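S.K.: Sequence:
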Amino acid sequence: MSAKLERLSQTLRDVFGNRIQSLVLDRGEVTIEVSAAEYPRVARQLRDHADLRFEQLIDLSGLDYSAYGNAIWEGKRFASVAHLTSVKHNWRLRVRVFADDDAFPVIDSVVDVWPSANWYERESFDLYGILYSGHPDLRRILTDYGFVGHPFRKDFPVSGYVEMRYDPEQGRVVYQPVSIEPRENTPRIVREEKYGDVGHG
Numbered sequence: 005m006s007a008k009l010e011r012l013s014q015t016l017r018d019v020f021g022n023r024i025q026s027l028v029l030d031r032g033e034v035t036i037e038v039s040a041a042e043y044p045r046v047a048r049q050l051r052d053h054a055d056l057r058f059e060q061l062i063d064l065s066g067l068d069y070s071a072y073g074n075a076i077w078e079g080k081r082f083a084s085v086a087h088l089t090s091v092k093h094n095w096r097l098r099v100r101v102f103a104d105d106d107a108f109p110v111i112d113s114v115v116d117v118w119p120s121a122n123w124y125e126r127e128s129f130d131l132y133g134i135l136y137s138g139h140p141d142l143r144r145i146l147t148d149y150g151f152v153g154h155p156f157r158k159d160f161p162v163s164g165y166v167e168m169r170y171d172p173e174q175g176r177v178v179y180q181p182v183s184i185e186p187r188e189n190t191p192r193i194v195r196e197e198k199y200g201d202v203g204h205g
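Letter by letter, the sequence shown follows residues 5 to 205 in my numbering.
Keep in mind that the hints were calculated from the coordinates and are not lab data. The structure presented is a predicted model; accordingly, all values stated were derived computationally and were not measured. Just to be clear, a hint being listed does not mean it is correct.
To be verified - Here are the computed distance ranges between Cβ atoms for each label pair:
no.: 1; residue 1: A75; residue 2: R48; range: 20 to 26 angstroms
no.: 2; residue 1: D52; residue 2: A75; range: 35 to 41 angstroms
no.: 3; residue 1: L146; residue 2: E78; range: 27 to 33 angstroms
no.: 4; residue 1: D104; residue 2: A7; range: 33 to 39 angstroms
no.: 5; residue 1: W77; residue 2: G175; range: 45 to 51 angstroms
no.: 6; residue 1: L146; residue 2: V182; range: 17 to 23 angstroms
Claimed, not checked - Quick list of in silico lysine to aspartate or glutamate cross-link-like pairs, EDC-like style, CA-CA up to 16 angstroms:
no.: 7; residue 1: K80; residue 2: E37
no.: 8; residue 1: K80; residue 2: D105
no.: 9; residue 1: K158; residue 2: D130
no.: 10; residue 1: K8; residue 2: D30
no.: 11; residue 1: K80; residue 2: D106
no.: 12; residue 1: K8; residue 2: E37
no.: 13; residue 1: K80; residue 2: D104
no.: 14; residue 1: K92; residue 2: E37
no.: 15; residue 1: K92; residue 2: E59
no.: 16; residue 1: K92; residue 2: D52
no.: 17; residue 1: K158; residue 2: D106
no.: 18; residue 1: K8; residue 2: E33
Glycine residues also receive a C-beta, built at the ideal position from the N, C-alpha and C atoms.
Please construct the entire structure, taking both the sequences and the accompanying hints into account.
M.R.: Shown next, in the form of structure tokens:
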């Protein structure tokens, strides 16, 4: 572990104490996890504290842990992860927060702390169904406004539930149930006999 990352880890422990649920240093990156209740306060301190100064949010994404690691996940299902940069200290940090309710995941918005979170939180809402409380304009950003569901939830069919097409008789676009039969596409590889044998011409 580099001295710089050790210093960042120690500073985070000193500033936040037991408000950090976990601190992991792996592959040259520091990740902290905080509770949903502490998230807004911790975010503001990460930005404003003189020893931290994480002025930039460079990315934020939703996560669905329902099938994490191809095993049964025991913890909370939905999380939001923010990637932060401190230009002043030349540090990077990942902050993860889990929504308390799997059925109705809500996490406080950090748009008032880092305005760049705006579109990222909208994307996370659109694809995972995570609601960001206090977001100034939380609406879909990638899917159609009439879309039902959230495509990146692992319980969502790849083909969707409805499709749209232009109906020349009605002279407008209509929505109808998907007419594609669900199927699993498995590539079929056919190799000739003795493929790969030394001397096979």
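S.K.: Find the hints from earlier in the document that the structure breaks and name them by number, from lowest to highest.
M.R.: Those not satisfied are hints 1, 12 and 14.
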